[in-house]
Amino acid sequence: MVFFSSSKKTSPALPIFALHLSNAQDKVFKPNETIQGHVTLSTPTPISPQAIEVSLWGHSSVWLRTSSGTGTDTTYRHYRDNVPLFDVALNIFTQSQQLEPGQSYSFPFKFRVPEGTGSHRIGGYKDDMDASWTVQPHHLPPTFAWGTQPDWPDNASISYGITTRLICSGIGVGKHQEEPIFATSPILFQPLNPSLNAPYSVIRHLKPCTLTSSSLTGRDPSSIGFRQKLSDRFSSETPKLDFELGIELPDLLVSGSGFKFKATFNVLNKVQNVVQIPAITFRVLQLNLLDFTFVRAAHDRAANQLMQGHHFNGTPLDAPTGLFSGWEHTIYHEKKTALNSLPESQVVQLEEVPLPDEKKGTEQANSAEAWFSARVPGFTPPSFQCFAISRAYRIKAKIGVQIGEKKFQHEVESYVENLGSAG
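Using the working numbering, the first residue of the sequence shown is number 250, and each one after it goes up by one.
Honestly, the hints are just simulated from the structure, not real lab data.
Keep in mind that a hint or two might mislead.
To be verified - DEER-style ranges, computed between Cβ atoms: (1) LYS585 to MET378: 25 to 31 Å; (2) PRO333 to ASN562: 38 to 44 Å; (3) MET378 to THR343: 45 to 51 Å; (4) GLU601 to ASN518: 19 to 25 Å; (5) TRP395 to PRO443: 19 to 25 Å; (6) GLU428 to TRP395: 25 to 31 Å.
The structure displayed is predicted, hence computed values, not measured ones.
Ideal Cβ positions, reconstructed from N, Cα and C, are used throughout, including at glycine.
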């Protein structure tokens, strides 16, 4: 059981108000799971609360800042985006009664974690159609934190929690005791992986190449000297092979799980003096998982030009953001993680296949492939799209191909449609 005390210091005249969750503090909740707990209250004087509210909430917050000038003449422009993702509230003080001193009261509660936002943000940003984010209702994103610290720019966060408030006349905190006593517990959230049992899906990347070499006559590539290579370059009689290199990469990945990808070779055209294609060596030269974070926020017109950007009108800095204010600032951050490939290389010899049209004899096949495997690190967080914060992934692969004495390279950056959690 986890205990969370009130966020405000209590005094002898105030009730002791606390929030307890039945689940472990580090539990990661999923959609449609149940969160339950209870609120405890003891009071030094008789009180008659109007309500004890408990709310389960999700919130997206962005604070970006730009500056101009130098030294004492520096001015700042602030960009903020504060958006409730959802807020489900209930009153657990269902029986109106006077609460007496010397007793400890307990009020249970239970919530079901929702699946999505249920709201939109059309008109809240510079471009509603920007594919890096979404303004439409969507599945809830995972708990997220980016930046050095939450009370300093540049930072972005997606947070979830439970908050309880004691609504009681004459009982409160703040300068004029107008704020209800409250307690908050953050919770961790991670969406389900919609692609966990999806069929294998790949994106193909093709590159046309040409090989001109005497090795296509069946000669041992190691026996071809410098003069012959120079002659091959300028002679019209040199055997010529047009072919296509391919890399097939999956577009659905799972954190902590392995995936397979392959390199392909396919003959497009060969002249009659091409006798034999030498063995083909496929080698993984580079394999990286690219992690992209996209953050945006509109200009906070109510903020002053000082470092903290406090509001002229005194409204809270985390007040919900309205329609687009006319200016927007975006940040894009890229992180690279190197992946190991198994094996690092493969040598493939084109198979001998029967001649077409029932002719006797065999010939070399026109295609070959080599499979490789790699693993997504278990600490990799899932991809998601939200109103002002998104995370996306790509796989960057560079494959080297050697045919005879000639070397080729094929480098691609492949978009990952979804990188989901393991469960």
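We went through each hint and held it up to the structure:
no.: 1; hint: LYS585 to MET378: 25 to 31 Å; result: holds, 29 Å
no.: 2; hint: PRO333 to ASN562: 38 to 44 Å; result: violated, 20 Å
no.: 3; hint: MET378 to THR343: 45 to 51 Å; result: holds, 47 Å
no.: 4; hint: GLU601 to ASN518: 19 to 25 Å; result: holds, 20 Å
no.: 5; hint: TRP395 to PRO443: 19 to 25 Å; result: holds, 23 Å
no.: 6; hint: GLU428 to TRP395: 25 to 31 Å; result: holds, 30 Å
This entry does not satisfy hint 2, going by the numbered hints stated previously; all others are met.
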